[in-house]
Structure formats: structure tokens, C-alpha cells
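Protein chains: 2
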Amino acid sequence: MSIEAKDALEKIRAYLAAGPTEGLRRFLREVHYADLAETLPELNLAQQIKIIRMCEPSKAAAVLYELDRAEVAALLEGLGEWRAAQILREMSPDDAVDLLGGMQREEQERFLSLMGTSEAEDVQELLEYGPETAGGLMTTECVSVDEGITAGEALEFLRTTAPDAETVYYVYVVNKQNQLVGVVSLRELILSAPSTRVADVMRTEVVSVHVDTDQEEVARVVGKYDFLAVPVVDDEHKLLGIVTVDDVLDVLEEEATEDILRLAHVEYEGRYFGTSVLKRAGKRLPWLVVLLFGGLLAASVIANFSATLSAITALAFFMTVMAGGPGNLATQTLAVVVRGLATGEVSPRGVLTVIMGEVGVAVLVGVVSGLIMAGVAYVWQGEAVFGTIVGVSLASSMIIAAVIGSFVPLIINRFGIDPALASGPFITTLMDVCSMLIYFSLATFFLHRYPM
Amino acid sequence: MSIEAKDALEKIRAYLAAGPTEGLRRFLREVHYADLAETLPELNLAQQIKIIRMCEPSKAAAVLYELDRAEVAALLEGLGEWRAAQILREMSPDDAVDLLGGMQREEQERFLSLMGTSEAEDVQELLEYGPETAGGLMTTECVSVDEGITAGEALEFLRTTAPDAETVYYVYVVNKQNQLVGVVSLRELILSAPSTRVADVMRTEVVSVHVDTDQEEVARVVGKYDFLAVPVVDDEHKLLGIVTVDDVLDVLEEEATEDILRLAHVEYEGRYFGTSVLKRAGKRLPWLVVLLFGGLLAASVIANFSATLSAITALAFFMTVMAGGPGNLATQTLAVVVRGLATGEVSPRGVLTVIMGEVGVAVLVGVVSGLIMAGVAYVWQGEAVFGTIVGVSLASSMIIAAVIGSFVPLIINRFGIDPALASGPFITTLMDVCSMLIYFSLATFFLHRYPM
Numbered sequence: 034m035s036i037e038a039k040d041a042l043e044k045i046r047a048y049l050a051a052g053p054t055e056g057l058r059r060f061l062r063e064v065h066y067a068d069l070a071e072t073l074p075e076l077n078l079a080q081q082i083k084i085i086r087m088c089e090p091s092k093a094a095a096v097l098y099e100l101d102r103a104e105v106a107a108l109l110e111g112l113g114e115w116r117a118a119q120i121l122r123e124m125s126p127d128d129a130v131d132l133l134g135g136m137q138r139e140e141q142e143r144f145l146s147l148m149g150t151s152e153a154e155d156v157q158e159l160l161e162y163g164p165e166t167a168g169g170l171m172t173t174e175c176v177s178v179d180e181g182i183t184a185g186e187a188l189e190f191l192r193t194t195a196p197d198a199e200t201v202y203y204v205y206v207v208n209k210q211n212q213l214v215g216v217v218s219l220r221e222l223i224l225s226a227p228s229t230r231v232a233d234v235m236r237t238e239v240v241s242v243h244v245d246t247d248q249e250e251v252a253r254v255v256g257k258y259d260f261l262a263v264p265v266v267d268d269e270h271k272l273l274g275i276v277t278v279d280d281v282l283d284v285l286e287e288e289a290t291e292d293i294l295r296l297a298h299v300e301y302e303g304r305y306f307g308t309s310v311l312k313r314a315g316k317r318l319p320w321l322v323v324l325l326f327g328g329l330l331a332a333s334v335i336a337n338f339s340a341t342l343s344a345i346t347a348l349a350f351f352m353t354v355m356a357g358g359p360g361n362l363a364t365q366t367l368a369v370v371v372r373g374l375a376t377g378e379v380s381p382r383g384v385l386t387v388i389m390g391e392v393g394v395a396v397l398v399g400v401v402s403g404l405i406m407a408g409v410a411y412v413w414q415g416e417a418v419f420g421t422i423v424g425v426s427l428a429s430s431m432i433i434a435a436v437i438g439s440f441v442p443l444i445i446n447r448f449g450i451d452p453a454l455a456s457g458p459f460i461t462t463l464m465d466v467c468s469m470l471i472y473f474s475l476a477t478f479f480l481h482r483y484p485m
Numbered sequence: 034m035s036i037e038a039k040d041a042l043e044k045i046r047a048y049l050a051a052g053p054t055e056g057l058r059r060f061l062r063e064v065h066y067a068d069l070a071e072t073l074p075e076l077n078l079a080q081q082i083k084i085i086r087m088c089e090p091s092k093a094a095a096v097l098y099e100l101d102r103a104e105v106a107a108l109l110e111g112l113g114e115w116r117a118a119q120i121l122r123e124m125s126p127d128d129a130v131d132l133l134g135g136m137q138r139e140e141q142e143r144f145l146s147l148m149g150t151s152e153a154e155d156v157q158e159l160l161e162y163g164p165e166t167a168g169g170l171m172t173t174e175c176v177s178v179d180e181g182i183t184a185g186e187a188l189e190f191l192r193t194t195a196p197d198a199e200t201v202y203y204v205y206v207v208n209k210q211n212q213l214v215g216v217v218s219l220r221e222l223i224l225s226a227p228s229t230r231v232a233d234v235m236r237t238e239v240v241s242v243h244v245d246t247d248q249e250e251v252a253r254v255v256g257k258y259d260f261l262a263v264p265v266v267d268d269e270h271k272l273l274g275i276v277t278v279d280d281v282l283d284v285l286e287e288e289a290t291e292d293i294l295r296l297a298h299v300e301y302e303g304r305y306f307g308t309s310v311l312k313r314a315g316k317r318l319p320w321l322v323v324l325l326f327g328g329l330l331a332a333s334v335i336a337n338f339s340a341t342l343s344a345i346t347a348l349a350f351f352m353t354v355m356a357g358g359p360g361n362l363a364t365q366t367l368a369v370v371v372r373g374l375a376t377g378e379v380s381p382r383g384v385l386t387v388i389m390g391e392v393g394v395a396v397l398v399g400v401v402s403g404l405i406m407a408g409v410a411y412v413w414q415g416e417a418v419f420g421t422i423v424g425v426s427l428a429s430s431m432i433i434a435a436v437i438g439s440f441v442p443l444i445i446n447r448f449g450i451d452p453a454l455a456s457g458p459f460i461t462t463l464m465d466v467c468s469m470l471i472y473f474s475l476a477t478f479f480l481h482r483y484p485m
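Protein chains in written order, with our numbering: chain U, 34 to 485; chain B, 34 to 485.
Rather than coming from a laboratory, the hints here were simulated on the basis of the structure.
Among the hints, a few may not be true.
Identical chains blur together in the list; that is why a pair holds if it fits in one copy or across any two.
[Said to hold, decoys possible] No more than 30 angstroms apart at the CA atoms, straight line, and that leaves these computed lysine-lysine pairs for BS3-like: (1) 312 with 209; (2) 271 with 316; (3) 83 with 271; (4) 92 with 316; (5) 316 with 83; (6) 271 with 312; (7) 92 with 39; (8) 209 with 316; (9) 83 with 312; (10) 209 with 83; (11) 271 with 39; (12) 271 with 44; (13) 83 with 44; (14) 39 with 312; (15) 44 with 92; (16) 209 with 271; (17) 316 with 44; (18) 209 with 44; (19) 316 with 39.
Note that the structure is predicted; figures quoted are calculated from it, not measured.
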């Protein structure tokens with residue numbers, strides 16, 4: 034919880050304890066919705082309902098949008114139909130879709146029927162799009178004008194209609210078929226002479242995204258071109274809505290969190306902290322158990338070489354090094370590839386270049402690491418053969434780690450699966466098995482030829 | 034490289050091969066600067082210089098800003114003083130600072146002397162702030178008006194001065210001492226009657242950041258309140274500049290990449306792909322070598338127990354499981370804590386709650402994992418004592434992993450060090466040593482009492 038929200042929470046608790054509501058009502062008018070939203074989960078449902086009832090509908094809508102989806106359903110239920118409908122109508126369609134999207138079909142339909150007909154239709158339409166696409170992110174409330182009008186007429190149009198639009202900073206220009214033909218910023222409109230035709234000041238090279246575009250790609254486009262919003266079009270290039278930069282910020286933060294947690298083998302869906310210890314354990318346990326069983330594969334490899342192990346006990350000393358080194362290199366490779374795919378530095382077209390480059394890195398890094406550890410093993414155990422086993426198997430395992438660490442996420446990505454999700458546990462297990470197999474095979478080979 | 038940039042590169046190569054420059058010149062006017070910037074690193078320096086010379090100065094400035102800092106220095110050098118000065122003057126002060134910030138002191142001063150006096154002064158001033166603070170991110174080009182004027186006067190002021198300002202979507206209102214007293218959006222100004230006083234429509238509760246605020250905190254504030262820009266003030270609440278949302282997007286992407294790569298033990302500074310294999314190896318090798326030597330600590334622990342290991346060879350089979358399980362749990366814990374700190378879900382004040390929660394999770398997860406592996410070990414080796422050793426040491430190592438995995442980053446964060454940087458290798462090494470120590474101590478203890 035942020036410092037501002039902590040202060041807000043203290044004040045709200047004091048007001049709730051004090052009794053009379055006038056002070057609380059005044060405070061709720063002043064507090065920022067984002068801070069208020071942070072305090073609500075700390076209060077019980079009755080207190081939450083009391084507070085939302087006291088807020089103006091537009092602020093209540095903004096607060097509800099920030100809450101966890103499960104909490105919202107309970108709150109809307111508790112507020113009663115009339116108040117819930119009033120708040121839902123205040124939301125922009127994309128925010129309402131976001132809220133309703135997580136609900137059961139029947140719940141969705143009940144709340145939709147509470148909203149006004151035209152709002153409900155907008156929301157219904159948006160609900161059809163995938164939640165992680167441009168269509169799922171966009172709002173239909175954007176400003177578009179006909180290509181035939183003047184800058185002055187456009188500004189007048191804004192003055193009369195704008196209060197409903199989520200962002201008016203770009204005005205999109207469409208032709209008679211509602212196809213996107215240009216864009217002009219509010220700034221350019223203001224700076225133009227009122228009699229100038231919009232078609233003369235607009236830029237005609239408009240970057241837009243298709244309604245089915247993945248949200249990560251939408252974020253990449255907005256970030257790359259420094260947009261405040263990007264228009265969304267259908268197959269016929271008709272303007273459907275816009276995705277605004279604040280939604281892109283949310284996407285970026287969500288995708289980064291998702292990547293980090295999945296690379297660290299944590300199931301990701303929404304918040305982590307703030308949920309119960311039992312729920313958190315549920316997000317952590319699945320991959321840990323998978324990895325433990327993966328580790329058993331490596332264990333069975335080692336068991337197969339128990340004769341070699343009994344002959345050279347020192348092999349066991351280096352087992353953590355031999356599993357750790359290539360494992361860490363595979364994790365490094367996976368992380369740079371996954372991140373490169375997310376930021377667009379790695380394009381799906383350049384797969385071979387990436388793999389070759391990463392293997393090149395691994396050859397350098399593997400040879401250096403192998404030489405160092407061979408030296409250490411030789412000095413420690415006083416056996417040149419032992420040093421050779423350690424050095425050669427470490428270097429070759431690390432090179433294989435780079436191949437696996439870059440190949441697997443790139444291939445998985447090509448099939449449209451999130452590489453951060455599937456790669457981690459698979460690669461970890463595969464690398465453990467590979468390194469142990471190489472290490473003990475090499476040791477067995479040398480043991481038969483050059484007994485120590 | 035994105036698809037749009039690939040197309041641009043093909044066209045540029047064709048134009049360069051064709052000879053006459055008119056087509057290229059026309060193409061350069063049309064192509065988006067972000068796409069052009071992506072193509073440049075694929076061309077040689079002479080071609081780069083040729084292309085930048087053909088661009089209009091404002092586009093050249095936008096392109097240069099997108100490039101790697103090292104490339105920019107060479108390009109500015111090659112363009113000659115006159116053209117370099119022209120381009121630098123076109124940049125907004127914060128972008129110029131970003132470019133010059135990475136250069137040597139003498140280079141900086143040479144380029145500053147090429148710029149106009151007033152531009153150079155702005156840049157000089159910004160260069161004094163830390164590059165990762167609000168001061169280092171902000172631009173001084175923002176629109177502020179006196180609290181006494183009307184909405185109509187404010188719009189007229191915008192019409193006459195705005196073309197230079199990076200963003201005009203918020204107009205900041207200041208008093209006679211240049212202290213920030215309010216904010217009004219361009220949208221609100223347009224919707225107001227021209228005779229309304231700005232002081233009557235402005236919001237007086239302005240969220241601002243101090244000039245020394247860390248850039249991650251700035252990003253958090255902009256993201257939380259859905260701002261297009263946030264004002265930056267000094268100790269006396271005087272308005273110094275603004276940080277715009279496009280810079281915040283860059284910060285978020287940079288910080289997320291930094292966190293991911295550092296958690297995966299990769300040195301982070303700027304781009305990874307696009308640099309040479311040798312440079313990439315340099316970013317990967319340091320931590321790998323540190324981790325190998327860390328692994329040697331675990332190896333020396335195991336060597337100390339070689340008598341126990343000789344007596345029960347099966348202990349070696351479970352070593353990868355025993356190092357991997359707690360290691361993975363520590364990585365999970367580290368990742369959720371580091372990410373929680375970055376998104377603000379974990380506040381530095383709530384350290385104890387976080388550690389207690391994570392230990393709670395580890396008790397659940399550890400006991401389940403320990404029971405599963407105890408069962409497997411018992412069935413496989415047919416020894417209840419062996420199963421007990423495996424189960425108890427796995428469960429206790431995992432609980433310790435949660436303590437270390439949450440405690441270390443939180444403590445490091447308290448000292449103002451990036452927890453993603455220092456925690457990873459330290460925790461990995463510490464966990465390996467701990468798990469091996471617990472596993473073999475327990476085995477030795479049982480071996481003496483209940484010989485297998």
C-alpha cells in the first residue's frame with residue numbers, strides 16, 4: 034500500500050469510528066480515486082458499501098475499476114440494483130467490459146440489463162473481443178470527424194460532445210464509409226486557423242492496430258511511436274475505437290510481472306500479495322512439484338551410474354557446480370530471449386540469428402568456465418583426469434544449455450504460446466538430465482581407460 | 034527489428050543502390066522516425082551520415098534520440114559541427130540531456146558550446162540532476178500560466194507559444210513566486226467559457242513529484258493516477274518541469290527488463306541483442322563465474338561429508354532434487370518480492386508482514402513437497418530412514434529458502450540498493466550451501482543411530 038493510501042485509510046477509519054458522516058462525505062470528495070481504491074480492501078464489506086454509496090457515481094465507478102474483480106462482484110451485489118446500474122453507466126465501455134468480463138455469464142447479463150440500452154449495447158459488443166486483444170482493451174468513446182469539415186467546426190464539435198469522450202487529444206478523421214483516413218491532434222486544431230479544412234492539416238499516414246492484435250503488440254506500437262492513443266480498425270479499415278496510453282501502461286506492467294513470475298516458476302493471474310497464504314501457496318506449488326519430479330529424472334540418471342560414483346566419490350562434490358552452471362546459463366538465455374521477444378528486440382523472423390548468437394556467447398562463456406573449474410578440480414583432487422572430466426563436461430553442458438535455452442522459447446513462441454509460461458520448468462529439467470548424463474558418461478569413459 | 038522497419042530498410046537499401054537522391058529524400062520525409070531509427074544500425078557510418086543529412090532537423094533529432102548512445106556520438110562527430118548543433122537545438126532539453134549524459138565531460142562541453150546559449154543553459158541545468166530521478170527525466174518545456182488570467186487568455190497564450198512545448202495537454206497554474214497552485218487540462222480550457230478565470234476551473238489538489246524522486250516512483254505515480262504528465266517541483270514547491278507519459282513508458286520497460294535480466298543473473302545496461310557476441314558474453318560471464326565459485330562452497334560442504342556419502346551412495350541420487358527444490362522456492366520468493374517492490378504492492382513499511390506471509394507459504398509448500406519426496410525415496414530405496422532424511426531436509430531447506438528469499442531483498446532495498454542486482458547470486462549460493470549442510474548433517478545423524 035502506498036503512503037498516500039495509508040494516510041487515507043487512517044482518516045477513513047477515524048471518520049467511520051466518529052459516527053457523523055458529513056466529514057467523511059467531504060473527505061471522499063477530496064481524496065483521489067486511486068488512493069481510495071487502495072484502502073477499500075482493508076475494510077469490511079459493510080464499510081465498503083457505505084463508502085461507495087457516499088461517493089459521487091463517477092468517482093465510485095473509477096474506484097470500482099481499480100479493485101479486484103471478485104471484490105467488485107460482491108460490492109455491486111451489496112449496493113443494490115439501482116446504485117449498481119448508476120455506477121456501471123458512469124464507466125467508459127472498455128472499463129465496464131473489463132469489470133464484467135471476469136463474471137459468470139448470468140451475472141454479466143443481469144448487470145447489462147441494469148445499464149441503459151445504448152451503453153449495454155456498446156459493452157455487449159466489446160465483450161465479444163478477446164480480453165488480451167486491441168478489441169478487449171479499446172474504448173468506443175473516441176472523437177472522429179468527417180474529412181469535409183473545418184478546424185473551427187471540429188473544435189465546436191468537440192465543445193458540444195467532448196465531455197463524454199475518454200480522450201480528446203487526438204481527433205480521428207473518417208470518410209463517408211467511416212474508414213480512418215487521417216488524424217489531427219487537439220493541439221494542431223487549436224493552432225490552426227478556424228477556417229482551415231481538417232483534411233489539409235491532418236496527417237494521412239495513420240498508424241493503427243487491427244481489432245484482433247495482441248495486447249503486447251498494441252503496447253509495443255504505442256511505446257514505439259510515443260502515442261497517447263492508437264486507433265483500432267476492422268478488416269475494412271473502419272474506425273472501431275481507440276486504446277489509450279493509460280491502458281497500455283497497465284498492460285506493460287502486467288506483462289512484465291507475468292514474465293518475471295513465470296520465469297521464476299510462479300503461476301501468474303492478477304495480484305499476488307494481498308491474496309491469502311493458501312492462495313499464494315496454490316500459485317507456487319504446481320511448478321515446484323513438477324520441478325521436483327523433473328529432478329527425479331536427473332536422480333535416476335545418477336543412480337544408473339552408481340558404480341562410477343562409488344569408484345570416484347569426488348564426482349559427487351562437483352555435482353552442484355555441474356547442475357548449477359549450465360542451469361544458470363540456460364536461465365540467462367531464456368530470460369534474454371523472452372525479454373527480447375516482449376520488447377520487440379527479437380523478431381520471430383530472426384530466430385536463427387538469435388540462436389547462433391547465443392551459442393556463440395555460450396562457447397566463449399563455457400570454455401572460460403570449463404577452464405576455471407578444470408583448474409580448481411585438478412588442484413583440489415590432484416588428478417589431471419578428474420580436472421579434464423569436470424572441465425569438458427561443464428563446457429559442453431553450457432553450450433547445450435544455450436541451444437536449449439534459446440531454441441525452446443523461440444519454437445514455443447512460434448506456436449503462439451507464451452514462452453515464459455512453458456519454457457522454464459521444461460528447460461530446467463532437461464538441463465539437469467543433460468548435464469548429469471554428460472558428466473557421468475564422461476567420467477565412466479575415462480574411468481575405464483585411465484583408472485584413478 | 035519490427036516488420037515496418039524491415040520494409041523501410043529494404044527501401045532505403047534500394048534507394049542507396051539506385052543513386053539519385055530525390056526518391057530517398059521523399060521517402061525520408063514520409064517514414065516514421067521510430068522506424069527509421071531501427072534501420073540505421075544496419076547501415077554503415079557513411080550511409081547513416083548521408084541519411085541524417087537528408088532528413089529535416091526535427092526528424093533527425095527524433096531519430097538520433099532513439100539510437101544507442103555510442104552510435105550517436107560517432108554520428109554527431111561525422112555530421113560536422115554545424116549540422117550537429119542544428120540537430121541538438123531541435124531536441125527538447127530532456128532528450129538532449131539523455132543523449133549528452135552518456136558522453137565524456139569534454140565531448141559534452143563541446144556539443145553544449147555548439148548549441149544556442151539559452152538551450153545550452155537549460156540542458157546544462159538538467160545535466161546536474163541524477164539520470165534516474167524525476168529531474169533527469171523531466172523536460173523544462175511545459176506550459177504554465179499565472180493564476181490571475183482567464184481561460185480565453187490561456188488559450189491565446191497557448192496559440193502563440195505552444196509550438197515549442199513537448200506537451201500542452203496540461204496547463205499548470207502558478208502564483209507570483211512560480212509555486213505550483215493548480216492544474217487545468219487543455220480539454221477543460223476548451224470546454225470553459227473564455228471569460229472564466231483559470232483559478233476557478235483548475236484543480237488545486239495537484240499530484241507532483243520532487244525533483245530528486247527516483248524514476249521508478251515517478252512511473253508508479255503516473256501509472257496509478259493515469260496521467261499524461263506529472264509536474265516536477267523543488268523544495269519550495271516551485272515548478273521546474275514535467276515528466277511526460279512517453280518517458281514513463283520507457284522507464285517501465287527499462288526497469289522491467291533490468292529486473293528480469295538481473296534475476297536471471299545477467300549484467301544489465303541498455304540493449305542486449307544488437308551488441309556483439311563478445312560484449313554479450315561480457316554481460317553474462319561475471320555472475321556465472323561468481324555462481325560457479327559459490328557452487329564450490331557447496332562442493333566443499335559435500336566433501337566434508339564424504340564418509341557419509343560413501344556409506345549411503347543413494348544420498349547422491351537426491352542431490353539435484355535437494356539443491357533444486359529449495360533453490361527454486363528461493364527464486365520464486367525473490368521474484369515475487371522484487372516485483373512487488375517495483376509495482377508498489379509491497380511497501381518498505383510492510384516488511385514483516387511480507388516475510389511472515391512468505392514463510393507461511395513455504396511451510397505449506399515445503400511440507401507437501403517433503404511428504405511427496407519422502408514417499409518417493411522410501412519406495413525407491415526401501416528404507417524408511419532414508420525417506421525421512423530426504424523429506425525432513427527438503428521441507429526444512431524450503432522453509433529456510435523462504436526466509437532468505439524474502440529477507441535479503443527487503444533488507445537490501447532498505448539500504449537503497451536495487452534488490453534485483455545484489456540478491457540473486459547471493460541467495461543462490463547461500464541456499465546451495467544451506468541445503469547441502471542440512472541434508473548431509475541429517476544423514477550423518479541418522480546413519481550413526483539407525484545404520485542402513
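A quick look at each hint next to the structure:
1. 312 with 209: Neither, since 53 angstroms and 55 angstroms both go past 30 angstroms.
2. 271 with 316: Result: close neither inside a copy nor across copies, 42 angstroms intra and 47 angstroms inter.
3. 83 with 271: neither (44 angstroms within a copy, 39 angstroms between copies)
4. 92 with 316: Neither. Shortest intra-copy (33 angstroms) and inter-copy (48 angstroms) distances fail the 30 angstroms Cα cut-off.
5. 316 with 83: Neither way: residue 316 and residue 83 sit 33 angstroms apart in one copy and 55 angstroms across, limit 30 angstroms.
6. 271 with 312: Neither. Shortest intra-copy (44 angstroms) and inter-copy (47 angstroms) distances fail the 30 angstroms Cα cut-off.
7. 92 with 39: Close inside one copy (19 angstroms), not across copies (46 angstroms); limit 30 angstroms.
8. 209 with 316: Result: close neither inside a copy nor across copies, 52 angstroms intra and 56 angstroms inter.
9. 83 with 312: within (28 angstroms within a copy, 59 angstroms between copies)
10. 209 with 83: neither (49 angstroms within a copy, 42 angstroms between copies)
11. 271 with 39: Intra 46 angstroms, inter 26 angstroms, cutoff 30 angstroms: inter-copy only.
12. 271 with 44: between (49 angstroms within a copy, 28 angstroms between copies)
13. 83 with 44: For residue 83 and residue 44, the Cα distance is within 30 angstroms only inside one copy (15 angstroms; across copies 63 angstroms).
14. 39 with 312: This pair counts as within: shortest intra-copy Cα distance 25 angstroms, inter-copy 45 angstroms.
15. 44 with 92: within (18 angstroms within a copy, 51 angstroms between copies)
16. 209 with 271: within (10 angstroms within a copy, 50 angstroms between copies)
17. 316 with 44: neither (34 angstroms within a copy, 49 angstroms between copies)
18. 209 with 44: Neither: 55 angstroms inside a copy, 33 angstroms across copies.
19. 316 with 39: Only inside one copy: residue 316 and residue 39 sit 28 angstroms apart there, 40 angstroms across copies, limit 30 angstroms.
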